[in-house]
Amino acid sequence: MLKVHINKQLFHYDLEVDFTATSEIIVLFGPSGSGKTTILNSIAGLCQPDSGEISLNDQLFYGDKNGSLPTRERNIGYLFQDYALFPHMTVEKNIRYGVKKKGTELNLILEKLLDVLGIRHLLSKYPHQVSGGEKQRVALARALATEPSILLLDEPLSALDSETRTECQNELIRLHELWKIPFIIVTHDMDEAKKLGDRILFLEKGTIIKTTACNR
Amino acid sequence: MTNGDYTPLLLSLKVAAISTSIVFVAGVFFAYLFAKKQFFGKSIIESFFMLPLVLPPTVVGFGLLVLFGKKGWIGSWLIEWFDFQVVFTWIGAVIASIVVSFPLMYQSAVAAFESLDKKFENVARTMGASEWRVFWTVAFPLAWPGLLAGLVLSFARGLGEFGATLMLAGYIPGKTDTIPMAIYFAVESGQMEKATFWVIIIVALGFSTIMWLNWWSKRNMRRFSNDVKRR
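Those sequence lines, one after another, are chains A and B. All residue numbers for the first sequence refer to full-length UniProt numbering, where the first residue is 1 and numbers rise by one. All residue numbers for the second sequence refer to full-length UniProt numbering, where the first residue is 1 and numbers rise by one.
Treat the hints loosely; a few may be bogus.
[Said to hold, decoys possible] One side only, chain B facing chain A, incomplete, derived with CB under 10 Å:
1) L67
2) K71
3) I74
4) R133
5) V134
Don't read these hints as lab results, they were simulated from the structure. No experiment lies behind these values; they were computed from the predicted model shown. Beta carbons are placed, not taken as given, at the ideal position from N, Cα and C, and that holds for glycine.
Assemble the whole structure, with the sequences as input and the hints as a guide.
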């Protein structure tokens with residue numbers, strides 16, 4: 001279970017959030033600048049809260065007394081808004097980048113990802129040679145190939161056209177059913193939030209003003 | 001013209017190659033460190049790094065003599081412990097070359113690392129990469145076009161270094177006579193043909209270096225620049 005209880009002083013307001021997540025899809029919904037990405041970055045260890053506690057399955061990510069666990073030791077998957085695929089590596093090298101397992105075990109994970117996401121034909125291509133929707137799938141494969149305990153997604157569908165977007169939303173739900181780990185998704189699209197989320201946390205100026213459970 | 005003596009060319013290439021290798025490693029190391037971290041006194045250290053770019057070469061040479069001369073801080077220590085003298089040797093030319101070309105490498109490398117989108121490094125960290133791996137597999141290859149520009153400029157600068165080299169290494173034919181040195185002393189002794197020959201050689205070297213760099217940069221930019229530039 002993910003537990004987040006953090007305070008952080010931002011430029012215009014104080015971020016103060018407290019929530020938990022089991023193996024469900026949590027959507028952080030709110031206008032730009034409401035602190036959504038800061039929460040994701042705090043969970044990932046890319047920025048530090050001023051105080052509070054973040055833990056996942058009894059592993060302390062951040063604590064007032066213990067300090068911060070380095071990002072590389074958190075075992076998280078993070079899908080950035082523009083995917084951040086390494087432009088100098090092929091799709092295959094991108095996907096294999098964070099994989100620690102070797103041999104048969106590695107092949108099983110990769111085969112499963114390539115089949116589920118349908119990206120086998122892209123392996124030898126470079127990121128600039130694939131479309132937006134394909135980039136998103138490759139980035140998902142790369143994030144999941146490390147077998148993370150949690151997946152963080154920062155506006156994962158914002159760069160896509162509406163048709164590809166619907167396809168990818170369905171794919172995210174399908175992946176979540178297969179992987180069964182907490183997905184924390186940031187979005188400012190209400191329809192998307194309703195479609196994807198088991199729970200929606202409404203954020204405004206760094207505070208959760210409402211929590212809604214959804215029936216997908 | 002040169003009576004078959006190509007020592008200046010070989011010596012210049014040797015000095016420039018050695019100094020560029022050292023400058024590249026040091027420049028990349030400090031640039032990566034300084035591009036990531038903010039600390040007290042950073043701008044003072046950076047100003048010190050860039051100083052040889054604005055100082056007359058004779059002043060740089062004077063400073064190096066003070067440091068590496070027989071009674072200099074480092075020079076006296078080297079003689080005492082290793083019985084080794086820098087002044088009037090080709091090593092002196094390498095040291096002069098390092099000092100004058102370091103700012104060019106440092107400047108290019110800082111610009112290259114600062115213009116990198118930090119997301120690439122962050123995404124590598126989220127996948128469990130150590131800082132060493134992040135550097136070698138992400139930051140270094142993505143910054144390579146800028147680093148290469150610094151490398152080539154440093155090499156060209158090292159090849160053409162004159163003032164500081166003259167003060168530290170002197171002009172000893174067969175030992176410290178780099179091409180710029182050979183040109184100066186050929187003109188001084190009225191051997192205009194010899195001077196012209198070396199001028200043509202060094203102009204050709206410099207021109208082809210810059211031409212190659214331009215060609216390479218354009219080719220590389222077409223490859224993946226759209227993905228690398230800061231969004």
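Going through the hints against the structure:
no.: 1; hint: L67; verdict: violated, 41 Å
no.: 2; hint: K71; verdict: violated, 49 Å
no.: 3; hint: I74; verdict: violated, 39 Å
no.: 4; hint: R133; verdict: holds, 9 Å
no.: 5; hint: V134; verdict: holds, 9 Å
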